[in-house]
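Q: The residues making up each chain are set out below.
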Amino acid sequence: MEKVELFLIPDITFSDPPKFREYLIENYNPAQVVHDLTIIVGITKYDKNDFLKALQSFGFTIVRNLGSVRHIKFNSDGGPLECYVTHDTDTGVVIFYTNYRKTREEEIPKIRDFLGSDPNTYYFFFKPILMKEIAEELMDRYENLEITEFTARRLPNSRFESQIRPIYERTISYWGSDGREALQELGYQYGVLPSRFVVNIPETIKFKVDDEGLFTFAVGDINILFEILEKAVNESSKTMDAYNGSSFKVLPVKTARRSFNIPSSTPVSIQLQERIEFHDMKEFKNKLNKGYTIVDFIAKEGSLFLSSDVVSKSGFQFRIKADENHIRMFPADEMIFSEFMQFYEFILQSIDPRAELVV
Amino acid sequence: MKGAGGNVENELKCLLASKFREPIQARLKDFEESIKKSELEAFEKHFERSGYHDKLVDICNSAFGPESKCYTELAYAFVSSEPLIELGVKNFDVLIYNEKMKHAIFVECKTSTLGRGKYISDAYEAKKEVIENQTYLENKLGDEIRTMEFVLCIPSENVESIVRELERREYEGEIDVASDDLLLIWQVNRFIEQTLQLFTRINSRDKPYESQHMDNKLTKILGSGYTVESEVLVKFYPSSHPLAIGSKIVVEIIRNNMRADASLKEFSINSVEQFCESPTNLAHYDSETIGKKISNHFIGEGVALGLIESIEGKEGWFRLKVEGKRLNTILNNYKEGYKEAFVTRKTKEKAAKQVIEEHHKKYLDLSTYGEKSN
Numbered sequence: 001m002e003k004v005e006l007f008l009i010p011d012i013t014f015s016d017p018p019k020f021r022e023y024l025i026e027n028y029n030p031a032q033v034v035h036d037l038t039i040i041v042g043i044t045k046y047d048k049n050d051f052l053k054a055l056q057s058f059g060f061t062i063v064r065n066l067g068s069v070r071h072i073k074f075n076s077d078g079g080p081l082e083c084y085v086t087h088d089t090d091t092g093v094v095i096f097y098t099n100y101r102k103t104r105e106e107e108i109p110k111i112r113d114f115l116g117s118d119p120n121t122y123y124f125f126f127k128p129i130l131m132k133e134i135a136e137e138l139m140d141r142y143e144n145l146e147i148t149e150f151t152a153r154r155l156p157n158s159r160f161e162s163q164i165r166p167i168y169e170r171t172i173s174y175w176g177s178d179g180r181e182a183l184q185e186l187g188y189q190y191g192v193l194p195s196r197f198v199v200n201i202p203e204t205i206k207f208k209v210d211d212e213g214l215f216t217f218a219v220g221d222i223n224i225l226f227e228i229l230e231k232a233v234n235e236s237s238k239t240m241d242a243y244n245g246s247s248f249k250v251l252p253v254k255t256a257r258r259s260f261n262i263p264s265s266t267p268v269s270i271q272l273q274e275r276i277e278f279h280d281m282k283e284f285k286n287k288l289n290k291g292y293t294i295v296d297f298i299a300k301e302g303s304l305f306l307s308s309d310v311v312s313k314s315g316f317q318f319r320i321k322a323d324e325n326h327i328r329m330f331p332a333d334e335m336i337f338s339e340f341m342q343f344y345e346f347i348l349q350s351i352d353p354r355a356e357l358v359v
Numbered sequence: 001m002k003g004a005g006g007n008v009e010n011e012l013k014c015l016l017a018s019k020f021r022e023p024i025q026a027r028l029k030d031f032e033e034s035i036k037k038s039e040l041e042a043f044e045k046h047f048e049r050s051g052y053h054d055k056l057v058d059i060c061n062s063a064f065g066p067e068s069k070c071y072t073e074l075a076y077a078f079v080s081s082e083p084l085i086e087l088g089v090k091n092f093d094v095l096i097y098n099e100k101m102k103h104a105i106f107v108e109c110k111t112s113t114l115g116r117g118k119y120i121s122d123a124y125e126a127k128k129e130v131i132e133n134q135t136y137l138e139n140k141l142g143d144e145i146r147t148m149e150f151v152l153c154i155p156s157e158n159v160e161s162i163v164r165e166l167e168r169r170e171y172e173g174e175i176d177v178a179s180d181d182l183l184l185i186w187q188v189n190r191f192i193e194q195t196l197q198l199f200t201r202i203n204s205r206d207k208p209y210e211s212q213h214m215d216n217k218l219t220k221i222l223g224s225g226y227t228v229e230s231e232v233l234v235k236f237y238p239s240s241h242p243l244a245i246g247s248k249i250v251v252e253i254i255r256n257n258m259r260a261d262a263s264l265k266e267f268s269i270n271s272v273e274q275f276c277e278s279p280t281n282l283a284h285y286d287s288e289t290i291g292k293k294i295s296n297h298f299i300g301e302g303v304a305l306g307l308i309e310s311i312e313g314k315e316g317w318f319r320l321k322v323e324g325k326r327l328n329t330i331l332n333n334y335k336e337g338y339k340e341a342f343v344t345r346k347t348k349e350k351a352a353k354q355v356i357e358e359h360h361k362k363y364l365d366l367s368t369y370g371e372k373s374n
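Those sequence lines, one after another, are chains R and S.
Position 269, counted from 1, in the first sequence is what the numbering used here calls 269; the numbers after and before it change by one each time, with no gaps.
Position 64, counted from 1, in the second sequence is what the numbering used here calls 64; the numbers after and before it change by one each time, with no gaps.
What the hints contain is simulated information worked out from the structure, not anything from laboratory work.
Bear in mind that the values here come from a model prediction, so they are computed numbers and not experimental data.
Incorrect hints may appear among the rest.
Stated by the list, open to error - Taking lysine-lysine pairs in the DSBU-like style, the calculated list, with each CA pair at most 30 Å apart, reads:
no., chain 1, residue 1, chain 2, residue 2
1, S, K335, R, K282
2, S, K118, R, K300
3, R, K254, S, K118
Stated by the list, open to error - Take a look, some chain R residues computed to stay more than 12 Å from chain S by CB distance:
no., residue
4, E82
5, I129
6, D296
7, S303
Where is the CB? At the ideal position from N, CA and C, for every residue including glycine.
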């Protein structure tokens, strides 16, 4: 088996995660590293110690402590995975850096497994509309930018503008040096939004980004990639605020001789940019049914009132309430971070790619 | 006429054992075929209407939930759903209590405009029951009730129609407008952020205060419309549709078994009782008594409909008799199985009744044939 070594960071102490990124901008040299650099972004509600504990209980061990950076390792039958990880406790953003390959089953997927399986963490998905904005800004800024590969999707019944057969759900994968033009043309004609693209700015940078918070840096000025990452990470505070604003409590209401325990649920509220209407409800229910068990589903026309109690695959229960412009998630038990993220992702991927959390 | 009011099942058995067996069987089949569709529609309509009603009650409760402004600022708290239901008398849907003022508000939620006259009569009948059972309610509440108000809570799209009926009754003297505790009206807008508002434009009343709450502060909050944010999230109400309650219980059984890595469809009566009696699942001042009844009904009806069976050799243990290995499939099969078995039972009952009636009519006609022709 091919021997891979993690790119070297000397024994220095970083005071915060941005300092590590600054260090990489100045010192990371792809020529001295085997394979591309993969950066995986996640989000967590853990504090610093609990995050490290969670990593350890998943099976990671800490090799070195570099202040705000930890060099960690995962030993498995398929061989070890090593990476650096930072955790910004203010924003909840965690970033893993590694040059181990992501195609081998036991390597990078371990990080994804961790982010996907721990109830208090989730991978940092980029909203479809944000991916479009990122691509457009790069194209505006770099005239010679090439997109050599991309995947773009159109949601079923999306009201995002489409010239050709707008009613169809579709995914387009494209390979070709004219991807820059093709992405715009197909976006206009078929109303698709990018979920993954590979960028080559000659003499400047070559990298890949996907909407599940995964960047692959091949060569060039890594700062460009960090700028994109920063843009996405700015969204995280909104995400954390929305999560922290929701709750499920059982509160006592007292009379002279009795106390009544009343359950009270405060929702996460999602503002829709694409209005949903009563006639969309059958479709909405079908989509919901793919990821959740629907216990009840009550929709009323006039404009729209929707209430549905659902259970996630892991058994988490919550109530969805919606009007034309909002969808609210009321936890029926203590809110679980990953369930909240998963539901928000469901709304973005299946209902409205521009939906925003309300804080 | 004989037959219709008697023991239908026995009478049908007798007929099927008689010389009429074949024609009776054929007629039964005919009737069942013609009734089933309408029974299915009636079931679905009733289930749907019951669901809407629960949702209206949810909003009403939640406006007085422990995190609401009505509670934190004015001390009006939702304490129980369906007070007095355990006595089998006409009752309200919601009891709101202000511990500081010793004031109780009883709310009846109505979702449709059909039978609006009856809504008003029912509310007045329920009000009478509350007044008669005040001491009983005080015991359950654990506090005294010095003053009371009675409210009809209606979706905003129906308010005009119901208020017009109320006005008619008040104008025509069916309701004494001089009384100091006239029904108040709340309207709920479910379509824009769930707003509950006191409706005061009741033209049959001379003075504005007659359509307002005794507490001006409450009138002020509700008068401008109160938007519900946090929700009192209970699992069901005592009068929720049995299938809605059953679905919640099935979810609980499967979730518990998934967590415990136990056999997915097996459960003890104790676990169902515990779930149904919990005040956080069923918000009622006597959740133990009501919860026990609900639990017994879930199992009794489940067995009768062929959806639940007892486990031999394990007293107090049962098994869901529905296909599926995942929550989604099991729940859907339970719902479909319930609906199918319930409608079939109802159809058979009705068909039997009609066949017997028809048979008696025929018998009577034949027996009087000679007399008529003479």
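Q: Run the distance test for K335(S) versus K282(R): straight-line Cα separation, threshold 30 Å.
A: 18 Å, holds
Q: Determine whether the non-interface label on I129(R) survives the test: each CB of chain S must be over 12 Å from its CB.
A: 25 Å, holds
Q: For the pair we were handed, K118(S) and K300(R), check the Cα-Cα distance against 30 Å.
A: 24 Å, holds
Q: Would you mind confirming whether the straight-line C-alpha gap from K254(R) to K118(S) stays at or under 30 Å?
A: At roughly 35 Å apart (the allowed maximum being 30 Å), K118(S) and K254(R) break the hint.
Q: With 12 Å as the threshold, tell me whether D296(R) passes as away from chain S on beta-carbon distances.
A: Incorrect as stated: the minimum Cβ-Cβ distance to chain S is 6 Å, not above 12 Å.
Q: Once the closest CB in chain S is found, is it more than 12 Å from E82(R)?
A: Holds, since 34 Å exceeds 12 Å.
Q: When you look at the beta carbon of S303(R), is every beta carbon of chain S farther off than 12 Å?
A: Per Cβ check, S303(R) is inside 12 Å of chain S; nearest 5 Å; violated.
Figure legend: structure checked against the earlier numbered hints; hints not met, in rising order: 3, 6 and 7.
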